[in-house]
Each structure stands twice: as structure tokens, then as C-alpha cells.
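Based on the provided sequences and hints, a complete structural model is requested.
Each chain, letter by letter, is given below.
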Amino acid sequence: MALKTETMVLNMGPQHPSTHGVLRLELEIEGELILSVKPHIGYLHRCFEKHAEAMTYPQVIPYTDRLDYLAAMGNNFGYVIAVEKLLGIQIPERVEYIRIIMAELQRIASHLVAIATNGADIGALTPFLYLFRDREYILSLFEMTCGARMLYNYMWIGGLSHDIHPDFVRKTKEFIIHFRPTIIELNNLLTFNKIFIERTANIGILPIDTAINFGASGPVLRGSGLPFDVRREDPYSIYNRFDFEIPTGKGLVGTVGDCWDRYYVRVLEMEQSLRIIEQAIDNIPEGDVHSAIPKRIKPPKGTVYARVENPRGELGYFIISDGNLNPFRVKVRAPSFVNLEVMGELCKGHLVADVIAILGSLDIVLGEIDR
Amino acid sequence: MYQFLYDLIGNEILAGLLVAVVPLTIILVFALFGIWLERKVSAHMQDRLGPMRTGWHGWLQTVADLMKMLQKEDIIATDADKTLYNIAPVLVFSGSFAAYAVIPFSSKLLGSEVEIGIFYVLAISSLVVAGILMAGWSANNKYSLLGAMRAVAQIISYEIPTALIVLSMVMLMGTLSLDKISQMQTSSFWNWNIFGGAVFGLSKFLLIPFMFIAALILFISTLAEVNRVPFDIPEAESELVAGYFTEYCGMKWGMFMLAEYGNMFAVSAIIVILFFGGYQSPIGYFGNSIGVQWLVPFEQGFWFIAKGLTLVFVQMWLRWTLPRLRVDQLMTVCWKYLIPYAFLNLIIIGIISLL
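Top line first, the protein sequences correspond to chains R and Z.
Per the working numbering, residue 1 is the first one in the first sequence, and the count goes up by one each step.
Per the working numbering, residue 1 is the first one in the second sequence, and the count goes up by one each step.
Careful: at least some of the hints might be erroneous.
To be verified - The calculated DSSO-like cross-link candidates involving lysine-lysine, where the alpha carbons are at most 30 angstroms apart (straight line), are:
#: 1; chain 1: Z; residue 1: K142; chain 2: Z; residue 2: K72
#: 2; chain 1: R; residue 1: K38; chain 2: Z; residue 2: K142
#: 3; chain 1: Z; residue 1: K82; chain 2: Z; residue 2: K72
#: 4; chain 1: Z; residue 1: K82; chain 2: Z; residue 2: K40
#: 5; chain 1: R; residue 1: K348; chain 2: Z; residue 2: K82
#: 6; chain 1: Z; residue 1: K40; chain 2: Z; residue 2: K68
#: 7; chain 1: R; residue 1: K348; chain 2: R; residue 2: K50
#: 8; chain 1: Z; residue 1: K72; chain 2: R; residue 2: K4
#: 9; chain 1: R; residue 1: K250; chain 2: R; residue 2: K50
#: 10; chain 1: R; residue 1: K4; chain 2: Z; residue 2: K108
#: 11; chain 1: R; residue 1: K50; chain 2: R; residue 2: K85
#: 12; chain 1: Z; residue 1: K108; chain 2: R; residue 2: K348
#: 13; chain 1: Z; residue 1: K336; chain 2: R; residue 2: K194
#: 14; chain 1: R; residue 1: K331; chain 2: R; residue 2: K301
#: 15; chain 1: R; residue 1: K4; chain 2: R; residue 2: K38
#: 16; chain 1: R; residue 1: K50; chain 2: R; residue 2: K298
#: 17; chain 1: R; residue 1: K194; chain 2: Z; residue 2: K40
#: 18; chain 1: Z; residue 1: K142; chain 2: Z; residue 2: K40
#: 19; chain 1: R; residue 1: K348; chain 2: R; residue 2: K295
#: 20; chain 1: R; residue 1: K295; chain 2: R; residue 2: K85
#: 21; chain 1: R; residue 1: K4; chain 2: R; residue 2: K301
Worth flagging that the hints you see were computed from the coordinates, not collected in a lab.
What follows is the structure, given as C-alpha cells:
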């Protein structure tokens, strides 16, 4: 006679060390085996989109900082591009260059957190601290520029809040020199560590067609092997002037689209970001970063959609203007929100420990998911 | 040591109690020191300083933490099985504490002269498993339960390679007494078991590679038995919050902590005794050369603790370098690699010792 058995439901989060914020995962498990994963979101909902309707256009910018709080520069970037498109204004060259340098520095900082937390979830705590140490360099560069370390409110419609510090160029070059060896160190310590590969290779394989069907973007999509990058496909700002590669998952140690591929795409992207910064840093033209900022921002009636490549994927802003001082509607296409949806597909048939590795490799930020 | 104290005091019970207090003092002092060392080792590996404010380089930090733990409110979940919940930390702690009874710190500092010392250590440290299972079950928390399941599966599995290696050493040395095993490896490091022991001729050289393998297997499997990274899956803080002691707080949690650090040194001590000459000095005794005999036991104590701490340091070093394995990979390492190699090693060492 067979014993009557029941599956166990395990609530992982919202208070859990590695759900990256306040995500709640409802795991149905049998022993250690995952039968189904249901993400529950909304613990960090702040009504951003509704708030935006009551604000004037420039007042929305500080709120965008708080969407993906690990990549606030990118959020600013997307929003100001959308509004500038609506206004139809020309931006000074200097502003474009500084914006791109900031966005790429932010991408490195954000990927550092993603890589560090992915490693820490798997138990490697030392790389975590090494990478946060290097992230500090970038944060102090930002602090030097605009006084804030995390939520910058730096990119304004038509310009920037502050010009760069006279030391900025020198310090950024110092950072690049300092940072390249760190990537090698990271690869030695974590990326090609046997145990790390055992834990991430062939785990959470996301086939390319599933990734496309779910609308995944960013490293999650590129990890599956599709070289899709908004910076290349739909160049915004002045990205078409720079030479950079789009790394994709190759299945170097496992299958294409596994956790290790998503992880490694981020490592390679940091290198590409450094290349873009190197190309931009010496060519910043002279000029005034405030010259193109309109006194009164009142866009004409119409709709606009602008998208940028944020560290987590394609960040889109859809804005409807009814010709007033505040937007009629702001809709954000948050990459983390879309990427999180593949979670249920990826976790089936894996063990509890793998859920952590998979979640870490998706690199979600709850501020963006819940908005 | 009991005999010495008995002669000194002349009271059986008092002498027995004093003998029991010695390992307790050692384990407490070591746990305090070990936690401080772990903090400093991890800090310096991670480009930090670690605790610096409390005392010289923060050496009072663990004492302060202990004070805090003692003062904390003892919270027990409403649905917990209170009896088991309260017994579990005591059981886990006494398991690791009792192992110290037979560990010879020097030829004079030996809690109890048991003829079957190594067997006793293996047996008594299995108490820990019962304690862990109790803790995980009684807390009525799913994370605790998962952690306890993992811990029990892991510790029981890894006892097999440990036992096989210990068996091969016992076969070679012909005794189960830890003190006698230590005594046999006397006079120079060339006589340590890792270098084939105090025998001469061909068999010594044949033994050396297999001794290295045996020491390595024993180190790996004891690492798993004390739940250290990369085998810390029962506690896996990023997956199971804190594993089987998720629900514990205050001094009961402190008991698990003390037991963990106590175990770390205990298993290091076993490896030191079996392979690295126990309390024997690698370079001869200073006390002997200047003719002060009473200095020798102190020197032995120093060497034993120094060797033990070196291995503890290696455990910490690994912890702050490596990621964590998954539960099935952990079992694979044990059943597919360690046990067959340990068994093969046992047979080969047996054949060589017959030569």
C-alpha cells in the first residue's frame, strides 16, 4: 500500500535573504524538488504611474530614480529621452556625451551588484565584497558629479543638473585602469570556479524561443543567444558613434541560456561598457549643459514611446500628453517585471537551491517590478 | 590527569568535576577565539578590517556578543514542541563537548584515558545528528525542517568515509587510543603518519602517497560533518535563512554556535592526532635539551593547539573562498568519490602494512 503523501508549500519571502528585495515566491515542493513556482509581487508598490499624472514633467524625474534603484541613471535617461522626443528639442553634444558616460558607468555598477549578489546567493561571499568595493569607485564618481550616490536626479529634460567636476575625466580614467584587472580577478575567483560552474551551468535553461515569447530582454535574452540590444537595434542618443560588441550566451560550460551564460554575459558587458567610456571620455566637447533646458515644459498633444537599454533590459516609457504641464499618462515597460515571468518556466524540476541561483541570474529589482 | 588531580585533592567527585571543567574551559575559550578569528580572517580576505573598536583589534567583540546573547529574551514559537526545542541545543553542544574528553592536548593534559578513544569520538559526535533533527523538527518551521533533513543526510553520509579512513589508520597503528597513536609518532615530523609513520624501509615510502590521500579525504569529510563551506548546505543562509536553527535566539542559538566552533577544533584535533603527530613536536623539545622536564607537556600543548589552529584556519580560508555545493552534488561527492577512494585506500594500506 502506498503512503498518502502531500506536497509542501514553502513561502520564500518577502522576508528572505536572497529574494532581492520583497519578492515572495510560493514554492510547491516535494522534498527538495520544485513542482511549481509562483511569484507574488506588490509589496513595494508606490503608484509611480499614478503619481506621475499629478506631477509636472520635470518633477517626475526623481520618481524615475526609484524605479530601478540600482540603475537610476538609466531610468532618468529613458524618461528624458521620451520627453525630449515629445518636445522635439535638440540636445548639446556635451550633454549627450556625459549622459552616455554616466549610463555606461551605471551599467557597470549595476552589473557589479548583479554579479555580486548572484555569487553571494550561491555562497561566495568574498567576491561580493570585492565587487562592492569597486562599485564604490563609480558611486564616488557620481557623488562628485551630482552629490548623490544612489538616486541622482541627474539627467534633466534638455540637459543635466550639474556639469561634470573638473577631476571627473581623470578619475574615470583611473577607474578604468583600476577596474580591468578586477574583471580578471573576478573570473579567477568566481566565474571559472568549479563549484560555481557546477551550481550554475545547465541550471535554469531558457531556450531562445521561450525567451522571445515571454518578451525577455537584456542579459536574460542575450544569455539565450540572441544579440538583441536597444543600443544597437534602435540607437538612441549618440550610441551609433561608438564601437562595441554585444556579448551573447555561448554555452561555454553548459547549455546556451543557462544561469552561467546569463551571468557571463554581464561580465562581458562590463568590458564593453568600459570600451564605450574610453571612446567617449576623451571626446567630450566644450559647452553648457544647461543651455537647452526649456524654462517651461509644456509638450504638445501626442504620444511617445522611447526605450533605452538599461542594465536589466529594455526600459520603455510610454507617455501621453494632453498639452498640459503634467503628463496625462506615463506607462513604464520595466524589464525586471517581464524577465521575472520566465521564473516559473525555469524552475520546474530543479531543487530549492537552484531557485536562488536562477533568481540571482535573472537579476530583478523589486522597485521596478512593483513601481 | 584524573589521577593527578585525585592525588592532589583526595576527593573523587571534586577531581572528576575538575577534569570535566578543563575541556569545557578549552571549548569556551576556543569558541570565543574561533569566532573572533573567523571575523578577522574573513575581514582581511575581503579587504576589510573586521571588528576594531572593542579591545585590541576587537578581541573583546565575541565576549560582548556573548553578553548580548545571554541577555536576550528567549522566544519560543507557540507551535513549537517545547521539550524537544529546549533539549536540542544542549544535545548538540554536549555532543561536541564530550568529544573533548578523550582528546590528548599533551601527554599530561588528557581528560580521560579511554582505550577506545577514536571509536568514542565517532560515536559521541553522532549525538549531534539527533540534536539537529530535534531542532529542525520541533521548531515547526519549514526552513528548519529542510535544514535538518539536509543536515542529517549529510552528516550520516559523511560519517562513512570518515570511519573508513579512521579504520585504515587504526589498522596501521594497531590501537584505538588517541594518546597511544600520538605517542607512536614521536621525535620528528618524519615519523608522523602523513609521512608513513614511525616505521622504516620500503613500506614507509609506499605508504606516503596513500597517507596524503587519506588525510585529504578525512579533511574533506570532516569539513562536511561540521557543516562548513563548501558543505554548509544545512545552514545555507541564502536558501534556508539559517537552516535548522532559524527559530532559535539568544543563548540557545549561542549553544549551536559554540558547538559549531567546538566541532571545528575537535575534527581538526582528530586529523592532527591521526596524521600530524598529535601533540608531538616536529623539531624536538626545548625542555629536553635544557633538561627542564616539566616544560615538555607545555610545549606539547603548544604544538597541539598550533597544529589544530592551522587546520581551523584552512577551514576558514576555504569558507571565504568557495561557493556552496548543492545537496545532490554533495551526496555525489560523498558516495561516488570519497567512499570508493577511501575504501580502496583502506585495502591498499592494508596490503602495504602486511609487507
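Checklist entry - Are there hints from earlier that the structure breaks, and if so, what are their numbers? => result The structure conflicts with hints 4, 5, 7, 8, 9, 10, 12, 18, 19 and 21, although it agrees with all the remaining ones.
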